[in-house]
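Protein chains: 2
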Amino acid sequence: MKKEFKVTPYQVEGNVDYNKLIKEFGVSELDNPTLERIKKHTKELHFLLRRKVFFAHRDLNWLLDEYEKGNKFFLYTGRAPSGNVHIGHIIPWILCKWLQDKFNVEMWFQFPDEEKFLFKQNLTLEETEKYTYENMLDVIALGFNPKKTYFLIDTKHANLMYKEACKIAKKITFSVVKASFGFNDSTNIGSIFYTSMQAVPAILPSVLRKKNIPCLIPMGIDQDPHFRVSRDVIPKLGFYKPSIMHNVFLPPLQGTSGKMSASKEETAIYLVDSPEQVKLKINKYAFSGGQPTIEEHQKKGGNPDIDISYQYLRMLFEPDDNKLKKIHDDYKSGKLLTSELKSILIEKICSFLKEHQRKREQAKKQIDKFIFNESRFHKS
Amino acid sequence: MKKEFKVTPYQVEGNVDYNKLIKEFGVSELDNPTLERIKKHTKELHFLLRRKVFFAHRDLNWLLDEYEKGNKFFLYTGRAPSGNVHIGHIIPWILCKWLQDKFNVEMWFQFPDEEKFLFKQNLTLEETEKYTYENMLDVIALGFNPKKTYFLIDTKHANLMYKEACKIAKKITFSVVKASFGFNDSTNIGSIFYTSMQAVPAILPSVLRKKNIPCLIPMGIDQDPHFRVSRDVIPKLGFYKPSIMHNVFLPPLQGTSGKMSASKEETAIYLVDSPEQVKLKINKYAFSGGQPTIEEHQKKGGNPDIDISYQYLRMLFEPDDNKLKKIHDDYKSGKLLTSELKSILIEKICSFLKEHQRKREQAKKQIDKFIFNESRFHKS
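Each protein sequence line maps, in turn, to chains A and B. Take the first sequence: its letter number 69 is residue 69 in the numbering used here, and every next letter is one higher. Take the second sequence: its letter number 298 is residue 298 in the numbering used here, and every next letter is one higher.
In case anyone wonders, no lab produced these hints; they're calculated from the structure. All C-beta atoms in this analysis are idealised placements derived from N, C-alpha and C, irrespective of residue type, glycine included. It is possible that some hints are incorrect.
As the list claims (entries may be wrong) - One side only, chain A facing chain B, incomplete, derived with CB under 8 angstroms: (1) L35; (2) E36; (3) R37; (4) K40; (5) K43; (6) K116; (7) F117; (8) S175; (9) S180; (10) G182; (11) T187; (12) N188; (13) G190; (14) I192.
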């Protein structure tokens with residue numbers, strides 16, 4: 001039987017069935033009792049949690065056990081620079097920023113500037129270097145605490161990372177990466193090695209501080225194969241298995257199949273887009289759950305479940321549950337037209353981007369406050 | 001038909017037929033016209049060249065063409081730390097030191113401290129770190145010019161090296177390393193990646209100086225597979241293919257098959273051995289080409305070609321051709337007994353080691369003058 005969808009760090013295709021994925025990947029559903037445990041510490045739940053945009057996890061209850069025993073965790077996520085950041089990328093980062101504030105914890109942010117270079121034929125390291133800089137601005141603009149945030153750039157911090165990556169790599173065979181990432185004999189040896197570099201930030205704070213510190217990784221579910229591999233290895237090196245929280249993919253403008261892709265411009269809204277671009281893309285491309293004519297729409301109503309504009313509001317741009325419910329109900333009843341729904345989204349996105357782009361400009365002066373270096377690192 | 005010998009960077013077995021190896025590896029014989037070209041610049045030839053301990057090369061004539069056009073080369077060789085240095089290791093280093101003096105060129109010396117860790121099950125990075133330090137002392141003690149010598153330690157200089165290694169790794173598939181190094185699906189992904197780190201010093205001076213500089217690598221023929229792979233890749237990155245000079249293996253004490261192995265203690269003389277250890281090892285283990293009894297030896301004579309003591313004198317410890325010839329002839333005629341030949345060698349080795357160990361002590365204060373860092377590196 002042919003599988004209807006495919007999810008690896010290097011390919012997301014088809015209509016992803018997240019319930020099937022939970023079984024296939026062997027992750028746990030992020031259920032209400034676990035969310036309630038988080039809420040006990042955070043008082044409220046971020047809408048990304050309330051709305052199950054984060055839908056699965058690994059060992060999150062263990063992490064909370066440790067936290068409740070006084071054993072604080074650190075956060076780790078990342079961004080492989082190869083182009084501009086789009087609104088799908090920032091879902092885990094927004095949760096990270098919220099978790100950093102609520103739990104007052106460190107954020108380790110990896111920019112594996114070699115990854116996409118190794119995996120994409122025509123991408124150069126000069127390009128990934130340029131985008132490392134550009135992408136760092138977007139991360140900073142989201143409001144991370146510079147006193148508790150460390151950026152790791154693989155090629156620049158390789159003197160810290162390569163040694164640890166070798167320790168991990170020694171315990172991973174080609175068979176394992178072949179099965180996990182769909183590699184074959186034609187895969188280049190840099191791509192083969194790469195997963196060990198992605199594992200490093202999960203242990204590096206523990207290595208540098210010479211103590212075992214729990215790690216929580218909020219990320220897209222497509223990255224899970226990396227950590228399925230490294231979670232087997234990390235305990236053999238004497239460290240805790242990192243805990244993980246998985247988010248669903250933000251769908252591309254064209255519809256609910258696959259994920260928003262930075263390399264297909266017409267599928268994505270970038271954080272550097274102008275209001276005109278946003279307006280054009282949403283009006284032109286955003287898949288509608290509405291009816292072909294206004295009359296039919298007003299009669300039969302639209303389908304918010306497959307409507308991209310509604311989904312973007314739900315997943316990113318309308319934090320207020322009451323307002324979202326009204327939009328949902330009005331659209332479903334036919335009271336709210338597709339063009340009106342799109343206008344709501346366009347306004348929300350443009351307002352977010354205006355503020356984001358302002359902070360992004362300010363971020364240019366702050367980069368050095370975020371990049372890891374020994375002198376600004378607190379050993380204890 | 002079964003092959004009688006095997007030569008890879010990770011295995012040397014059997015009675016190596018160097019003529020066959022020249023054909024199999026596709027290298028060139030280091031012939032007299034090429035040696036004469038070297039002599040034109042150096043006035044004399046080192047005994048390692050005169051005696052064809054260096055027996056093969058790649059593109060050495062091209063390198064000399066470039067040199068004669070005023071395009072100076074740099075030297076590159078290395079040592080993967082996993083134990084004490086033995087007398088077999090230093091053959092290429094001795095030639096490097098001589099070439100550095102004669103041509104007044106830079107020496108880039110790599111200590112890939114991750115290599116043996118990745119390839120040997122029970123070796124730790126703490127051990128390779130210890131031996132990196134110990135091995136550096138031996139290299140310094142050979143008399144390299146600190147103003148023109150740069151040590152690269154893979155894990156410590158990874159911020160310089162990893163990025164370049166990725167550029168190389170992108171152009172090497174698993175198929176290629178499988179065929180070149182005898183890897184399979186059970187090989188760990190660090191070992192698979194490693195060859196790209198070994199390629200880096202061949203281009204790093206050119207990268208750092210932003211100009212294309214010819215590179216000459218004197219090394220044991222077992223390392224050739226690494227450069228067969230990387231010589232295909234390096235020109236694609238815009239750099240000259242490195243030239244190579246290959247030496248034969250110093251045979252183990254037990255005889256002329258395989259190579260001296262640092263991990264089999266009874267096969268090797270280490271640079272930290274005491275005179276007592278040297279005496280014991282030579283007398284007990286050094287394979288003799290002599291006859292079973294003194295009477296028979298005096299009558300039939302010995303065979304210097306298979307006599308380890310004679311071979312060590314020829315390959316390392318008796319630079320004077322006339323003296324060596326006399327030893328050869330006297331042994332062959334039966335005039336020189338095995339015990340006498342062994343005494344000559346023991347004295348030579350002990351005298352070398354006494355001086356080496358003295359310089360090795362002094363080297364402890366000089367290490368910082370040799371390790372690469374940006375501040376002592378001359379960009380032009």
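Unmet hints by their number, sorted upward, for this structure: 1, 2, 3, 4, 5, 6, 9 and 10
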